[in-house]
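Chemist: Residues per chain, in single letters:
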Amino acid sequence: MSALGERCHLYLCCFLNRSKLSIRDNLYKFMLLMKDKSGAFRMHDGGEIDVRACYTAISVASLVNILDDELAKGVGNYIASCQTYEGGIAGEPSAEAHGGYTFCGLAAMVLLNEVEKLDLPSLIGWVAFRQGVECGFQGRTNKLVDGCYSFWQGAAIALAQKLMAGSDEQSKQSQPSKLSSVDDSCGTSSSGLASEKSSIVDYAKIGFDFMKQSNQIGPLFHNIALQQYILLCAQVPEGGLRDKPGKNRDHYHSCYCLSGLSVSQYSAMTGSVSCPLPQHMLGPYSNLLEQIHPLYNVVLEKYEEAYEFFSSE
Amino acid sequence: MGSSSGEEGEEEWVPPSRRPELADVAPLPQADGPCPVVSIAYRGDFHEVMDYFRALYAAGERSPRALRLTADAIHLNPGNYTVWHFRRVVLEALDADLLLEMHFVDQIAESNPKNYQVWHHKRWLAEKIGPDAANSEHDFTRKILAMDAKNYHAWSHRQWVLQALGGWESELQYCNQLLEEDVFNNSAWNQRYLVVTRSPILGGLAAMRDSEVDYTVEAIMVNPQNESPWRYLRGLYKDDNNLLVADNRISDACLKVLNKDWTCVFALSFLLDLLRMGLQPSDELKGTIEAMENSDPETGHADIAVAVCSILQKCDPLRINYWSWYQTTLSS
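As given, the protein sequences belong to chains W and G, one line each in that order.
Just remember that this note's numbering sits 1 ahead of the position in the first sequence, which is counted from 1.
Just remember that this note's numbering sits 7 ahead of the position in the second sequence, which is counted from 1.
Rather than coming from a laboratory, the hints here were simulated on the basis of the structure.
It is possible that part of the hints are untrue.
[What the hints assert, rightly or not] Below, computed lysine-lysine pairings styled on PhoX-like, alpha-carbon distance capped at 25 Å:
(1) W/206 / W/30
(2) G/157 / W/248
(3) G/135 / G/150
(4) G/135 / W/118
Working from the sequences, and respecting the hints, build out all of it.
Modeler: Put into structure tokens, the structure is as follows:
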């Protein structure tokens with residue numbers, strides 16, 4: 002029986018690998034078609050261009066290991082042009098700084114290894130002030146808190162925690178640390194030397210290496226307060242999660258409130274700590290969720306499986 | 008529901024299968040595969056409209072009846088971007104009346120003001136119509152913003168129209184009006200920033216900065232707890248910290264606010280940024296900070312920036328982690 006199982010497994014792998022090739026090939030071609038001359042991406046054929054579309058394209062390309070210089074060209078500059086005077090990132094240049102787009106923009110920049118094009122201290126300063134007296138996050142300045150921003154804003158801060166140098170670094174000023182999976186000496190990222198056939202940057206590895214480093218600094222938001230909002234205000238007694246009391250539950254809010262809760266629970270792990278401590282969590286330790294990968298919002302374990310699968314040839 | 012001009016008359020809706028004009032069309036069912044999982048229980052009318060849509064779509068038809076059918080599909084699900092895309096293809100092939108089309112999409116937009124597809128379609132149309140569309144598009148976004156002054160799509164569209172088609176003349180006044188109605192409207196402050204920095208009639212940030220600082224400081228004085236003008240003020244001096252530090256009105260404003268309310272987090276935070284940028288605190292300012300520290304039993308700090316930072320950790324406990332981290336970044 003086990004031999005049969007092994008053969009099935011083998012056939013399945015062959016099938017998946019073959020489909021993998023054509024799926025990735027077609028996906029790459031599609032994405033290239035969705036690329037606009039500005040460097041940004043459209044959501045679909047003839048669709049709108051915004052930071053959300055850039056993140057969608059870049060994160061999927063990264064996950065599936067098809068991200069290259071051709072796809073990456075110009076995206077970083079577009080996203081950087083969407084950072085507003087407030088510090089957050091907007092959907093399009095000149096629009097209002099917004100939590101959803103801030104996450105999308107920052108995550109995409111990390112995956113492109115172009116975070117240095119953003120003013121990270123300004124971004125962090127804006128996100129930190131999005132936590133309201135209700136303890137949840139608001140999406141924009143002077144708007145109401147909403148459970149889904151637990152992820153959009155919370156994860157943005159979680160990303161920043163890995164990027165900002167701690168106080169024991171050489172530079173006194175906090176500088177974002179460039180990720181080490183890149184050969185810096187050529188620096189071809191967005192200057193568009195399109196004639197280069199192979200990427201010097203191993204883009205897919207950025208996402209993988211990101212979780213190998215520990216948090217440089219502790220949480221920059223009040224993680225317990227956020228958990229209070231999620232558990233006490235965003236939960237619906239019948240199950241599921243919501244924007245705020247008075248709103249109905251839905252799958253979107255259930256997803257992002259839970260993702261935000263996970264981010265919050267794992268946010269205080271610094272240095273050599275390998276799992277959240279009870280004091281980082283609200284409620285019993287049984288409240289602990291699976292850890293998610295903050296760049297993709299996928300359970301970390303599943304991401305690692307995907308990385309293995311898509312990086313094998 | 009059937010015509011492209013979007014007339015919602017008292018006429019009863021006729022399902023596609025009973026429309027003479029579609030009699031020769033063989034409806035194409037959705038290709039769910041042999042073992043569909045999680046099948047959606049589509050309503051009868053939805054199912055039928057989409058079956059007919061698929062048939063015309065697959066056939067590559069570009070006819071008035073195809074246009075009419077997309078209207079049905081859009082009413083049933085205005086989020087179906089494939090239908091919108093097909094509608095655009097048909098509109099182009101038929102060289103249809105774009106003003107009528109704009110009227111159609113405006114009706115959908117009014118009842119679906121947070122739908123991405125609708126606004127994208129408007130943008131596509133407006134681009135084709137050109138500068139003549141500017142006024143009506145501004146009227147439309149004004150109408151939507153009157154119902155929800157922070158609708159993100161409406162603001163994006165308005166900004167796009169300004170930059171692509173014009174209409175800047177009354178925009179600053181519009182911002183003034185919105186801020187009179189609600190000085191906490193951050194979208195209006197954001198729009199103000201666009202106008203002040205990008206309007207071709209106003210001369211740019213350097214020319215506008217002075218009057219804008221006065222406007223903003225006044226707004227701060229009336230509502231020191233309003234975060235928007237504080238951020239806007241900072242924005243006016245983006246990329247020019249030296250100018251910011253040198254403008255006495257700014258540090259004076261912080262001081263004035265703190266003298267009335269020494270716990271004002273925005274004032275303290277702004278002050279902290281100024282100090283970090285090299286502001287030399289006046290004796291009055293130093294005195295105010297010391298007074299704040301004295302109301303707290305802990306020992307004072309030699310470095311005034313560090314002092315402000317520790318005050319913030321007390322006054323803004325929600326952001327205690329942020330301020331602690333910020334303190335580590337201050338050069339000693």
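Chemist: Now tell me if each hint is right for this structure.
Modeler: Hint-by-hint comparison with the structure:
The straight-line distance between the Cα atoms of residue 206 of chain W and residue 30 of chain W is roughly 21 Å, inside the 25 Å bound, and the hint therefore holds. In summary, the hint linking residue 157 of chain G to residue 248 of chain W is supported, as the alpha carbons are separated by about 19 Å, within the 25 Å threshold. Annotation: proposed proximity of residue 135 of chain G to residue 150 of chain G holds, straight-line Cα distance about 22 Å (limit 25 Å). For a cut-off of 25 Å, the pair hint linking residue 135 of chain G to residue 118 of chain W is broken: about 34 Å separates their Cα positions.
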